[in-house]
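Colleague: Chains C and U, in that order, are what the protein sequence lines are.
FYI, the numbering for the first sequence is 6 to 520, going by the working numbering.
FYI, the numbering for the second sequence is 381 to 688, going by the working numbering.
The reader is advised that the hints may include incorrect statements.
Stated by the list, open to error - Partner residues aside, some chain U positions facing chain C, computed with beta carbon under 10 Å:
1. Ile427
2. Gly450
3. Asn451
4. Ser464
5. Val532
6. Pro550
7. Leu593
8. Val596
9. Ile632
What the hints assert, rightly or not - Computed Cβ-Cβ distance ranges for the label pairs, DEER-style:
10. Leu678/U with Asp268/C: 31 to 37 Å
11. Leu472/U with Gln195/C: 52 to 58 Å
12. Trp541/U with Ser48/C: 37 to 43 Å
13. Glu373/C with Leu518/U: 26 to 32 Å
14. Glu373/C with Pro550/U: 32 to 38 Å
15. Pro523/U with Gly250/C: 22 to 28 Å
16. Arg433/U with Ser501/C: 23 to 29 Å
17. Thr220/C with Ala473/U: 52 to 58 Å
18. Glu341/C with Leu518/U: 56 to 62 Å
19. Gly491/U with Asp208/C: 54 to 60 Å
20. Phe534/U with Thr345/C: 43 to 49 Å
Derived from the structure by calculation, the hints contain no laboratory data.
Every value quoted in this text rests on a predicted model; they were computed, and no experiment measured them.
A virtual CB, placed ideally from N, CA and C, is assigned to each residue, including glycine.
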Amino acid sequence: MRNRRVRGAVGWLAAIALVLAACGDDDAEPQGEADPDAEAEPSGSVRFLIAENFWADWSPYASTAQSQRRLERQIYDFLVDFPSGDPAQPEPMLATDWRQVDDLTWEFDLREGVQFHDGSPLTAEDVEASIELGSGFSGESAYSLTWIPADVEVVDEVTVRISTEQPFAPMLVELGQIPILSADFIAEPQDRPNGTGPFRLVDDQVEVKAMEANTDYWRDPPRIQELVWEFIGDPSTRMSALLDGSAQAIDRVPPEQLPALEDQEGVELVSATGIESVNLWVRPGRLPLWDENINFRRAVNWSIDRQPLVDSLVLGNSLAATSYLPTNTLFSASQEPAYTFDPEMAAQELEAAGEPGGGPEFELWVAEGFLPRGPEVVQAIVAQMEEVGLRPQVVTSDVAGMIDDIFSDTGTGAMYHLSWSSNGDPNAAAQVYSEQFAWYFGDEELQALIDEGMTTLDPGAREQVYAELQQHIWEQAWHVPLYNSDFTIAHTSDLSGVVVQPDFRTDFYTAELTE
Amino acid sequence: MIVRLALRLAQMLFVILAVVTIAFFVLRIAAGDPARLVNPPGTPEEIITQTRRRLGTDQPLLGQYVTFLGNLVRGDLGTTFRGSLPVRDAVLAALPNTLALAGLAVLAAAGIALLLGALAAWRPNGSLDRTVLGYAALAQATPAFWLGLVLVMFFSLQLRWFPAIDMTGPRSFVLPVVTLAVTLSPILVRTVRQSFIETQGEDFFRAARARGLGEVRLFTVHALKMASLPVITLIGLQLGFLLAGAVVVEAIFNWPGIGKLILDALGSRDFPMIQGGVLVAAIAFVVLNFVVDLLYRLLDPRVRVGAS
Chain C
6 MRNRRVRGAV GWLAAIALVL AACGDDDAEP QGEADPDAEA EPSGSVRFLI
56 AENFWADWSP YASTAQSQRR LERQIYDFLV DFPSGDPAQP EPMLATDWRQ
106 VDDLTWEFDL REGVQFHDGS PLTAEDVEAS IELGSGFSGE SAYSLTWIPA
156 DVEVVDEVTV RISTEQPFAP MLVELGQIPI LSADFIAEPQ DRPNGTGPFR
206 LVDDQVEVKA MEANTDYWRD PPRIQELVWE FIGDPSTRMS ALLDGSAQAI
256 DRVPPEQLPA LEDQEGVELV SATGIESVNL WVRPGRLPLW DENINFRRAV
306 NWSIDRQPLV DSLVLGNSLA ATSYLPTNTL FSASQEPAYT FDPEMAAQEL
356 EAAGEPGGGP EFELWVAEGF LPRGPEVVQA IVAQMEEVGL RPQVVTSDVA
406 GMIDDIFSDT GTGAMYHLSW SSNGDPNAAA QVYSEQFAWY FGDEELQALI
456 DEGMTTLDPG AREQVYAELQ QHIWEQAWHV PLYNSDFTIA HTSDLSGVVV
506 QPDFRTDFYT AELTE
Chain U
381 MIVRLALRLA QMLFVILAVV TIAFFVLRIA AGDPARLVNP PGTPEEIITQ
431 TRRRLGTDQP LLGQYVTFLG NLVRGDLGTT FRGSLPVRDA VLAALPNTLA
481 LAGLAVLAAA GIALLLGALA AWRPNGSLDR TVLGYAALAQ ATPAFWLGLV
531 LVMFFSLQLR WFPAIDMTGP RSFVLPVVTL AVTLSPILVR TVRQSFIETQ
581 GEDFFRAARA RGLGEVRLFT VHALKMASLP VITLIGLQLG FLLAGAVVVE
631 AIFNWPGIGK LILDALGSRD FPMIQGGVLV AAIAFVVLNF VVDLLYRLLD
681 PRVRVGAS
């Protein structure tokens, strides 16, 4: 699941954004503006080795593969952006100003003088085509899962109006996820992407994406001339390349390599706690006792000591989960009881469930080469489960095999060690538990809260909705929250200005190489 | 002769067809739906269906196979699921890199085998022999991925003699070639040693020694030719092992060859790329086997006589 992240709008205070929306400043310059004193031509080459395959292609909005979304951020721009990483600060990007006309309508003033990589100017029609397709209005977008139907209207050459069928609280956050493409490209997609972003793609190979600086960028051009993203799946190879000087940056540094790299001269680490829920996800219908018996679910939750998993296996900036909304998500709040490894509580719950012997056997799936130390984490969990009498059977697979088992009618797994990454807004984090997804247990109260959270505009009222939602799902214990994972990249000391966000975004616009 | 050649050619084509057919069906029967991998879990089924249509995996299996064979005959290997790029370009670009790596590794392994085998056979059961056999046992027990990493740590990161990854020039060949050659060499060393020992018992060898020829000349002129025959046979037999080893070595050293291409494509169930890689590997395998057979005939007149 991690490889097909949900949207990721960076920014989480959609509600606060509503307030800020009304005061967008025409003269406001976006953050991340290059230093005016530094007018030097772009120079140098940066090779960035990523851990995730380039799953997707350039079909517009056809995939939410994380590697593709991260790559597209170098090539495309968005109406609004969150460059500081502060979820309370949406910044102008291709929109210079915006206002909420009423509960259902927003207007955006577009930046003038912006050019696509092919030299054509950005128009309101481009924005219209992008938002309509990206938001799922046409029903063809993989981004539509966290949107509600929206219509886009061109008001004039530099103004667009977006109308939604219902109030849509995370509007700005979600707009920060939809790249603006040219209407021509959307009508007739080409092999080569045509964006307005700081880098343009010049060489497109299966595992290597080479970009060069867009010297006609509407902001100052980037400071590095060549940016190469390359997939190398083996973490040891990535580390060797960094230490050898063959690469300037690598991502997804695995826990076991952190100590070595921390002590390494000439290497710097940048870490964040990812907006990612790593859970044991339970597939409805596969383990009837789980579906029907809340005490059994709670017994499983009482059988796992999360903190030692974080301290000894996952490491880095990972945090033990205290809510179904990741810690860095807006309105996330720690829930009670704080589940830990408690054999007595587990035994009590099993007794209440009518299964003092531990209940039936069930398959617990884990993928190799996926989540850091996934198999080790699951082995530790299984040992604790067995101690309280539960009967998990570990099945180890690759990612593709596990995804297949989840969705296949003949799948046999009950629990899956997987992650779900969102964008900082509680809507995207909560949607995974909704009826749109395979993890929904028919909990209508939960569905109502998810819907209410998406359509409640008042920040205070919205916070209350998500407080109720978190409490409800924690009590129901539909799944088994484990931790919010660490996201660490390493780069050479001569590279600076790389922006890393908890949603795994890694931007090189402000990056530069020094002597 | 022409009939024999035609039969051999037909045999080679059959092997290639069998390999790509098995790869085709195993990939599709094995777990893993590519359309699921490029979409988030929970994506509406209509979008998954659209993706399958775009990838061509919505067609009946037999229909997909017929299309695949039809395209293959036209030399069209299709486009990758990832990025929609031409598979043929990718595999043809990668093939020379794997052949160069494997070819040099074979040469190096053969060199190691002939040298160590001769030294060991010079005084069987002597200290040198036991040392060589010890090397063979150690090399056989050493996994390629471990050896590759150790070589990188020492020669790349500590001494800075060779690059850690990538194919960037002559120096970049050293570590991957050594890794592959060392893992290939044990069986060759043992065979060459045995062959040298047996050759010393042959009449022609004893006669040569009785004529007073020096040991060096005896081994390098008279015994070498005999001992090299099983090396060539073994290399032919070990081609499969060599290609499999190249997958691991290419992954460790980020070598832009067929092995890495297949490995990367497997994780995302990029069927066209895997099939293209397997096809090229199969062709390389049967052609090289053919070349080995020809070499053997050239080197051993008895085979030619037997055949005629």
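Colleague: Next item in the hint list is Ile632/U. Is there a CB on chain C closer than 10 Å to its CB?
Modeller: Result: holds, 6 Å to nearest chain C Cβ.
Colleague: Starting from the range 23 to 29 Å, see whether the pair Arg433/U and Ser501/C falls in it by beta-carbon distance.
Modeller: Check failed, 46 Å falls outside 23 to 29 Å.
Colleague: Any CB of chain C closer than 10 Å to the CB of Ile427/U?
Modeller: holds (6 Å)
Colleague: So, Ser464/U near chain C? Judge it on the closest CB pair being under 10 Å.
Modeller: At 5 Å from the nearest chain C Cβ, Ser464/U passes the 10 Å test, so the hint holds.
Colleague: Identify whether the interface hint at Val532/U stands, where standing means a beta carbon of chain C within less than 10 Å of its own.
Modeller: holds (5 Å)
Colleague: Lying within 26 to 32 Å: is that true of the beta-carbon distance Glu373/C to Leu518/U?
Modeller: holds (28 Å)
Colleague: Restraint: Pro550/U near chain C, CB-CB cut 10 Å. Satisfied or not?
Modeller: Where the cut-off is 10 Å and the nearest Cβ of chain C is about 16 Å from Pro550/U, the hint is violated.
Colleague: Mind checking the hinted window 54 to 60 Å against the Cβ distance between Gly491/U and Asp208/C?
Modeller: violated (38 Å)
Colleague: So the hint says 52 to 58 Å: do the beta-carbon atoms of Leu472/U and Gln195/C match that?
Modeller: violated (24 Å)
Colleague: Could you tell me whether the CB distance from Glu341/C to Leu518/U stays inside 56 to 62 Å?
Modeller: Holds: the Cβ-Cβ distance is about 58 Å, inside 56 to 62 Å.
Colleague: How about Val596/U: closest beta carbon in chain C under 10 Å, or not?
Modeller: For Val596/U, the interface hint is violated, since the closest Cβ of chain C sits about 42 Å away, which is over 10 Å.
Colleague: Range first: 37 to 43 Å. Now tell me if the beta carbons of Trp541/U and Ser48/C are that far apart.
Modeller: Given range 37 to 43 Å: violated, Cβ gap about 29 Å.
Checked against the numbered hints above, the structure breaks hints 2, 3, 6, 7, 8, 10, 11, 12, 16, 17 and 19 and satisfies the rest.
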